[in-house]
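*Asks:* Chains as they are written, first to last, in our numbering: chain B, -5 to 194; chain Y, -7 to 214.
Hints listed in this document are in silico derivations from the structure and should not be mistaken for laboratory results.
We treat Cβ as the ideally placed atom computed from N, Cα and C, and that holds for glycine.
It is possible that part of the hints are untrue.
[Said to hold, decoys possible] Among the chain Y residues that face chain B by a calculated CB cut under 7 Å, a handful are:
#1 Gly70
#2 Asp73
#3 Ala78
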Amino acid sequence: MKLSVSGLAVARSGRSIFSHLGFTVNAGEALALMGPNGSGKSTLLRVLAGLLPSSAGTIEWSGGQEDVPLSEEAHYLGHRDALKPALTPIELLTFWRSLLGRTALDPSTALERVGLAHAAHLPSAYLSAGQRRRLSLARLLVAHRPLWLLDEPTAALDQASETMFGALVADHLTRGGLALIATHAPLPIPTRTLSLKGAS
Amino acid sequence: MSAFWALIRRDLLIAMRIGGGAGVGLVFFLMLVTIMPFAVGPDLVLLARIGPAILWVAALLATLIGLDRLFQADEEDGSLDLLRMANLPLPLVVLAKVIAHWLMTGLPLALAAPFLGLLLAMEPQALLAVTLTLLIGTPALTFIGATGAALTAGLRRGGLILAVLVMPLMIPVLIFGISATSAALGGPVPFHTPFAILSGLGLFALVTGTISASLALRASES
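All chains, full assembly: derive it from the sequences and hints.
*Replies:* Here is the structure:
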């Protein structure tokens, strides 16, 4: 599997966010997106997830399932964690598992992996910021999607959870997955780095 | 297809846990109907004659309650982003959400209508006709409203704009709902003529509402 992007440009309400962006990510590789605030890291991830249109350039995805758009081959973890305060973590994961398709781990195993097994039947409203983040990470495990688009995944995570996150991504990469991770902090796994400078 | 049912199940579960929507809509419906006799006076003949119209207008207004949250809640917490990337086409996502919303708001209204009709001294035949037309009419109203809800999903105070946007579009449903009811009470037109048109409007709203709401959701991001 391979993701190649060339000449990508994105403009939001007439203002150019970035242009002439090109990079390639191969199976088993992680790419860290670095850059100052407003340089377009989140925008790039949203464009790749199919949530925002690009104004020029091509995004090529090869080696995935046939006739499946990139947005259905990718997991997106954004700033907003898509949690419903009224539902329990186990209910949320069961829901996303059937919605995202290509089921992988069952919800309780996924919660164990992120260290939330004890909170499985608590309403999500009671979770702390770090626990909400870990629940979002568990979502990546319940459905199999080869491309992970992660927007500052380690924000609000403690030291131990950061190590756990590193292990999850490393595991995903050894199985031939790809990851694009927007971050300000150094990641607990070896990655290549793409620097976004932002439009001047 | 399991994704479709999972989405309906989730929305019903949330609606039941946090309350609000269904219960409040029903109470609002009840209050609108009970204040009418105070407004028009204790004239039973008059009440029985305008009863179907009161029930229909009240149901239309009650449908608008909570409609602004149809997509907004998912927009705010980021669920909508994930739903757009789900293994389910966006129109089906819209369809599932609208069905769940109708089950929690429109269906209770239609089922409560015959009991509230008693407060308005309506004939048994009129009660039956109003219930039938509301069962067909409220899903049509919800589907029409879905487009407005999708357009205002990103607005923090979209409730009133939503009502202004969709109410004119609901007028045809109202007209044929009420004319079917009055046809059931006798008149030159048989019941099934306006009722068939009402059902047609419902099917039309189902198709156009689902598609236009998903187009509006897609456009709102760019």
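*Asks:* For every hint, state whether the structure bears it out.
*Replies:* Outcome of the hint check:
1. Gly70: 3 Å, holds
2. Asp73: With Cβ-Cβ at 6 Å, under 7 Å, it holds.
3. Ala78: Since chain B brings a Cβ to about 4 Å from Y:Ala78, closer than 7 Å, the hint holds.
Going down the numbered hints, you'll see the structure goes against none, and every one checks out.
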